[in-house]
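> Letter by letter, the sequence shown follows residues 1 to 127 of the numbering used here.
Simulated from the structure, these hints should not be mistaken for laboratory data. Do not rely on the hints blindly, as some may be mistaken.
[As the list claims (entries may be wrong)] Computed Cβ-Cβ distance ranges for the label pairs, DEER-style:
(1) Asp60 <-> Lys34: 19 to 25 Å
(2) Asn104 <-> Asn48: 35 to 41 Å
(3) Met1 <-> Glu88: 17 to 23 Å
[Claimed, not checked] Straight-line C-alpha distance at most 30 Å; calculated DSS-like pairs for lysine-lysine:
(4) Lys107 <-> Lys62
(5) Lys85 <-> Lys111
(6) Lys77 <-> Lys2
(7) Lys2 <-> Lys85
(8) Lys105 <-> Lys80
(9) Lys24 <-> Lys77
(10) Lys107 <-> Lys34
(11) Lys85 <-> Lys24
(12) Lys102 <-> Lys77
(13) Lys24 <-> Lys107
Just so you know, even glycine gets a beta-carbon here, dropped at the ideal spot from N, CA and C.
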Amino acid sequence: MKICISSLGNQRNSSVDLRFGRCKYFAIYDDETKDFEFIENENSTANNGAGIASAQEVIDNKVDVVITGNVGPNAMKLLKSAGIKIYEADGNTVEEVLNMFKDNKLKEIEKSVNSHFGLGNQHRRGW
């Protein structure tokens with residue numbers, strides 16, 4: 001099983017990024033090899049479509065589970081259509097959240113946030 005965790009950095013002790021589409025890195029853990037691979041999210045600064053492009057990146061990496069804070073509606077639809085389960089994380093580190101997932105302590109996300117949620121106030125103010 002491959003598990004993708006949205007991350008602010010490229011280390012196991014990096015904090016989880018609570019934005020899926022605009023996270024800085026994808027921490028991909030392979031449960032068979034017990035190895036992490038950190039992939040820089042080139043979609044994090046996209047003007048539009050960051051969530052969809054990020055979801056496609058995750059699908060292309062053959063991930064089974066995503067752990068993040070928030071997922072927009074288009075990314076959610078794409079991930080779910082690929083059979084990927086999405087779990088909610090808080091501000092813990094990548095490794096802590098992975099251990100919480102292994103211990104069945106994370107809740108599956110069923111609803112998305114509004115589109116452009118990851119832009120914060122920038123989008124609402126028209127910057």
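> All hints, please: hold or fail.
Here is what the structure says about each hint:
1. Asp60 <-> Lys34: 19 to 25 Å: holds, 22 Å
2. Asn104 <-> Asn48: 35 to 41 Å: 36 Å Cβ-Cβ, so the 35 to 41 Å window holds.
3. Met1 <-> Glu88: 17 to 23 Å: Once the Cβ atoms are compared, 18 Å apart, the range 17 to 23 Å for glutamate 88 and methionine 1 holds.
4. Lys107 <-> Lys62: Roughly 22 Å between the alpha carbons, so the hint for lysine 107 and lysine 62 holds.
5. Lys85 <-> Lys111: At roughly 12 Å apart (the allowed maximum being 30 Å), lysine 111 and lysine 85 satisfy the hint.
6. Lys77 <-> Lys2: holds, 19 Å
7. Lys2 <-> Lys85: Holds, at roughly 11 Å.
8. Lys105 <-> Lys80: holds, 21 Å
9. Lys24 <-> Lys77: At roughly 21 Å apart (the allowed maximum being 30 Å), lysine 77 and lysine 24 satisfy the hint.
10. Lys107 <-> Lys34: holds, 23 Å
11. Lys85 <-> Lys24: It holds: about 21 Å lies between the C-alpha atoms, which stays within 30 Å.
12. Lys102 <-> Lys77: holds, 25 Å
13. Lys24 <-> Lys107: holds, 23 Å
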